[in-house]
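K.L.:
Since the structure of chain A is already known, use the hints to place chain B on it.
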Amino acid sequence: MKKNMFKMAGISVLATSMLAGCSNGGAATGTQPEAQKGTETAQKVNLKFYYPVAVAGPLTKVMDAYVKSFNDSHPNINVEAVYSGDYNQTITKVQAAVKSGDMPDVAVLSATDVLRLQDIKAIVPLESYVKNDKDGDAYINDFFPGLLSEAKMGQGDHLWAIPYQRSTPLLYFNKEAFKEAGLDPNKAPANWEEFSAYAKKLTKKDASGQVTQWGGMIVENDTWIFQALMMQGMNGDKQVGNQDGTQVKYNTDATKNAINYLLKLAKEDKVIPEKLANGGTLPADFVAGKAAMIYNSSGSLAFIRDNAKFDFGTAFLPAGQQYAVASGGGNLYMFKTNDAKQKATWEFIRWMTSPEQAAKWSTDSGYVATRKSSYNVPTFQEYLAKFPQAAVPKDQLQYAGAWLTTHNNADVGKAMQDSIDSVFTAGTPVDQSLADAQSKIDAALKPFKK
Amino acid sequence: MKNKIIGSYLMLIPALIFFIAFSYYPFIHAIIISFYESNIATGDHPVFNGLGNYATVLHEPLFWKSFINNIVFAAGTVPTGVGLGLLFAVMVHNRVRFTTLYRTMLFYPHILPMIAAANIWLFLLNPDIGLIRQVMGWFHKQSWDPLGDVHAAMPSLMIITLWKEAGFFMLLYLAGLQQLPREIYEAARLDGASPWRIFWRITLPLLGPTTLFVSVIALVNSLQSVDQIYILTNGGPNNATISLLYYIYKAAFQNWDIGMASTLTVILAVILSCIMMLNYFVFDKKVHYN
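Protein chains in written order, with full-length UniProt numbering: chain A, 1 to 450; chain B, 1 to 290.
So here's chain A without its partners, still in its complex pose (with noise of 0.2 Å):
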């Protein structure tokens, strides 16, 4: 019984793959008729581009129309764009293609997976690209410096991606909100002890004594968020990790402090939801008026200015001990593939991080735009201008540092959600919980130590 249905549904897979094949092909001869007729058809070069949708909003669209316009400008150049799920699903496809020999030419994935890549040996450093690149140096020299700090890591002095498309996390309020509540709509909470303070005005109950709108909301378990309260929660020192990527602090104070902070907003304020928050929900519930503040990245700009009907703020996470953010997202990767491809590859990533390309990018995401002088292009001036929630998370960079990158990174992220996890949970001790998540930590980076 099993069997047979293992056997169809491999039947019914070749079919779907079949017909899949036919209407891509279709597709492909349909919008290009022009390089049809061109003679040098045979070397047209066909890139396969995986990227991922990590925040809210129609994004795949809006990156179907860039890839599109790619194409249409570059005849001797095919991208498929392929939407490979959230970073997590896109990092698991693409391992798994790798091992099979059918990998991308080039993707989006998180910046830090940058050590995991160049361990099964994907990925090509991009450092000889630039160098045959006309303004090559001028290029690098463009982007934000703090948004490079992961694509150098590894052994030797390599550029292993480009900055794509790069988030800080923001703390988006709701100003008419604020304005019921007695509070500053133009004023939000700078640090800890204020946001603490502020939710306690936000929250609102019904006559039950149910919640009806949170004072915040905080994805407790993201890793990328917990990362920037245990930095406001240091003294000037910003890191987290190594340079080479074998080591993490986790065991410590700013850590306890960090999740003390978070307990004591859940359990003893009870301004934010008990539960551990679903973080791609975050964005829907502030729109829909549930949570009065939340903290999130500011790739989700666009959807919650598109979708809330209120006046909403943007600010800086507020301060612990210090202003701190890691900048998060997702770098540009060339993977190994042949010379051809990887000429057309080079040529793609230039065509998406041009400052108009990187601009329109902010602006139609909420992702930082990545170069110094894409904010010199008029239209985004104009953007900024009329929308400056939007400069905020460029403004932040300059308090960012870098994100935990490290070899094995599925392994030691699954370490610290973990013990996230168990003290909201499961009511594990906060210093018991941290105490095994080290030791996790430092036997799965054991074997990169040299």
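It is worth saying that the hints were derived from the structure and are not from the lab. Each residue gets a CB set at the ideal place from its N, CA and C atoms; glycine is no exception. Honestly, I wouldn't trust all of these hints.
Label pairs and their computed distance ranges (CB to CB) [said to hold, decoys possible]: (1) B:17 to A:100: 17 to 23 Å; (2) B:51 to A:306: 54 to 60 Å; (3) B:275 to A:336: 40 to 46 Å.
P.N.:
Only chain B this time, still in chain A's reference frame:
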């Protein structure tokens, strides 16, 4: 004679090729890799590790957590699933009005692929817009997120699995019921046996082979459950719903730890073969076949 033997082997070849390519070869390969350290750190050059992987696995709390989860899941779904299947079968066995409709309704969840069924439940259980939430709203209850609750997540998965599987077990029991000899029932009725007594003394014992078959399928399914976990909980919250198979998936495809994943696979295969052996050599002998 000789021709006949060659002929039968020729007939076997297509199936055999599939078996070797997709079952035997990968499994033998997995056994070999399970003795090697093969992960991101070792890359293309796995290091022989003897029984090291097995020792690591047995000292890994998450392995035991997923092992225990599997047992809990089996205990929660196998007896109830078999019982529900039997109950449904007996209920719709006799031809009354709308029997076919009832049968179809009970059976239809099984037709859906697990992935699709799990996605439907994901919507039903959504703490903001889900049906369950809306029903609870009528009673002014607080929003409830069973899949995000350490204590409720596993029972939720069990209920969803039962909803999905009970119809299939019903079908197997229906087939069993159709084959029972009518004479025995007539004789029993003439002797004045109550329907209750007939069920316990005749139907149930005669259905022994079906019950055994259904139980084994239910048990194996429960050990192989992964799709619903992938869609609904990702093994969370706090690893409350991680199963052995999901643990293997994470080790292999997310963490790229092929050695460890192979070790886990071998352990799971050993558990499954033990169940099969128990089935063939112990239970099979105790069941009454006509």
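K.L.:
Does each hint hold? Answer for all of them.
P.N.:
Results of checking the hints against the structure:
For residue 17 of chain B paired with residue 100 of chain A, a C-beta distance near 20 Å keeps the hint of 17 to 23 Å intact. Checked against the hint of 54 to 60 Å, the C-beta distance between residue 51 of chain B and residue 306 of chain A comes to roughly 58 Å, which is consistent with it. About 44 Å separates the C-beta atoms of residue 275 of chain B and residue 336 of chain A, a value consistent with the hinted range of 40 to 46 Å.
In the structure shown, no violation is registered for any of the earlier numbered hints.
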